[in-house]
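Using the sequences plus the hints, can you model the full thing?
Residue numbers (this note's numbering), protein chains in the order written: chain A, 1 to 125; chain B, 1001 to 1317.
Hints in this document: simulated from the structure, not taken from any laboratory.
Predicted model only: the values in this text are computed from it and were never measured.
Accuracy of the hints is not assured; some may be wrong.
Computed cross-link-like contacts, SDA-like style, restricted to lysine to any residue with a CA-CA straight-line distance of at most 20 Å [said to hold, decoys possible]: (1) A:K59 to B:N1126; (2) A:K59 to B:G1090; (3) A:K59 to B:G1130; (4) A:K59 to A:E78; (5) B:K1307 to B:P1291; (6) A:K2 to B:L1039; (7) A:K59 to B:Y1124; (8) B:K1259 to B:G1123; (9) A:K59 to B:H1077; (10) A:K59 to B:S1089; (11) A:K2 to B:R1036; (12) A:K2 to A:I13; (13) B:K1259 to B:L1225; (14) B:K1259 to B:D1236; (15) A:K2 to B:G1090; (16) A:K2 to B:K1259; (17) B:K1307 to B:C1218; (18) A:K2 to B:A1040.
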Amino acid sequence: MKRFLTSLLLGLILGGLIGLYFGWVQFPVEYVDSPMEDLEPRAKDDYTVMIATSYHFDKDGLGAVERLRLLGVDNVPEYVQSTTERFITNSRDLNDIRLLVNLSNGLGRLTPIMEPFLDLTGGDS
Amino acid sequence: MSQQNLPPPPPNSLPEQPQFPRHRTRYNRPRTYISRWGLAFGLVFGILFGLGYAWLIAPIEEFDTEPYQLRASDKNHYAVAIILEYQQSGDLARAVNKLVELRLGSDPIQSIADVACELASTGYVNNTSGLNALRAMKTFYQLQGRNGCADLLVPEIDSADTQVVEVIVPTNTPTIPPPPSKTPTPDFGPQTPTPRINVVPTVVAQRDFEGRIANTFCDPQFPALIEVFVVQFNGDGIPGETVRVRWEGNSSLFVTGLKLERGESYADFQMEEGTSYTIDMPSLSDPVDTPLIAESCFTEGGDESLKSYRVVFRQVE
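Given below as structure tokens:
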């Protein structure tokens, strides 16, 4: 009996570890119906660039702010500024930077680090 | 004699040692420290407990939500952003790839038509920004040969509004009056009677509006509902228009614009399951050809509901 109980305990420990590995690592819970603010950072950046692209041509600042507010940011101009500066600092795609600088400028948040990129957009903005 | 007293010669093998190996039994198997059954039971229960704990009790926190995991309303907004970007970049492959990743449906372009239809039925079109977005979506799916109810609900861009007309202001420049000249009088010859044109009065057109079923939908929250939109030929909503629904010798009249949260062109009617209805605008339109029947339907999630209709009456130009 002692031998059985020892084996049972050993099995429980091993099985528990295997179950936790599959439940947390291999097949974790997949969430659906998530709000926009829970988007992964890459998708948030992508969304922001899409809105900046739209703004670059239609100059609809209010529409851009309303759409970016869905990301759950309280201060949209500040969010755009920080995103733009992060893009510049990380040497992201130049076209994306230009679009973001244009949007940031449109929202009254043009910082010195952005100015060189604004010059590039001067022709068509 | 002496030989008879001798013991028999020893056998080749001892009698207690079988010539063939015997099957091991639980009584002669060498004992180990592990019980197979104990280990098996432990593993099964341990895995079940581990999975239950990891999935139900302490699931991992959500921190990397992909766009396809968004709730439906936010997916729609994400789709709008994709189309707005496409409108400016013109990169169709990029837009379609993003829509596929968004997992809106099996046909991502038709899904955009459906999203546009859904947004056009709400207050999304009440501002210029939303209206422009819906127009961009319309252009996107129409170019790919799809259609949706937004075709009827979203007004086209009125070119007259946006067209720049250059007005040349006349300036006061002195002009010299032409000298009087003698103009010859034409000789018409003999007078001939002009034929008299009889204008036959025609019946005034009875069809001021044309009705059609824009689409049907299956929503457990709005089962067996007829949503009616009465719009001008350019898509602008018309409040205060009377719509009539008839069924089995009964009829009901209702008026657009009473539910302003759905727009001034909107009115609705609740059907009963299995009953066939016809809908028209009294003395302003013919009845819609297809009878409206609240049949059973299933949502994409597998929920059962009753089919609802979206009907648009558009003013005949």
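Against the structure, the hints come out as follows:
{"no.": "1", "hint": "A:K59 to B:N1126", "in the structure": "18 Å, holds"}
{"no.": "2", "hint": "A:K59 to B:G1090", "in the structure": "18 Å, holds"}
{"no.": "3", "hint": "A:K59 to B:G1130", "in the structure": "14 Å, holds"}
{"no.": "4", "hint": "A:K59 to A:E78", "in the structure": "18 Å, holds"}
{"no.": "5", "hint": "B:K1307 to B:P1291", "in the structure": "13 Å, holds"}
{"no.": "6", "hint": "A:K2 to B:L1039", "in the structure": "13 Å, holds"}
{"no.": "7", "hint": "A:K59 to B:Y1124", "in the structure": "19 Å, holds"}
{"no.": "8", "hint": "B:K1259 to B:G1123", "in the structure": "12 Å, holds"}
{"no.": "9", "hint": "A:K59 to B:H1077", "in the structure": "19 Å, holds"}
{"no.": "10", "hint": "A:K59 to B:S1089", "in the structure": "15 Å, holds"}
{"no.": "11", "hint": "A:K2 to B:R1036", "in the structure": "13 Å, holds"}
{"no.": "12", "hint": "A:K2 to A:I13", "in the structure": "17 Å, holds"}
{"no.": "13", "hint": "B:K1259 to B:L1225", "in the structure": "14 Å, holds"}
{"no.": "14", "hint": "B:K1259 to B:D1236", "in the structure": "16 Å, holds"}
{"no.": "15", "hint": "A:K2 to B:G1090", "in the structure": "73 Å, violated"}
{"no.": "16", "hint": "A:K2 to B:K1259", "in the structure": "75 Å, violated"}
{"no.": "17", "hint": "B:K1307 to B:C1218", "in the structure": "5 Å, holds"}
{"no.": "18", "hint": "A:K2 to B:A1040", "in the structure": "16 Å, holds"}
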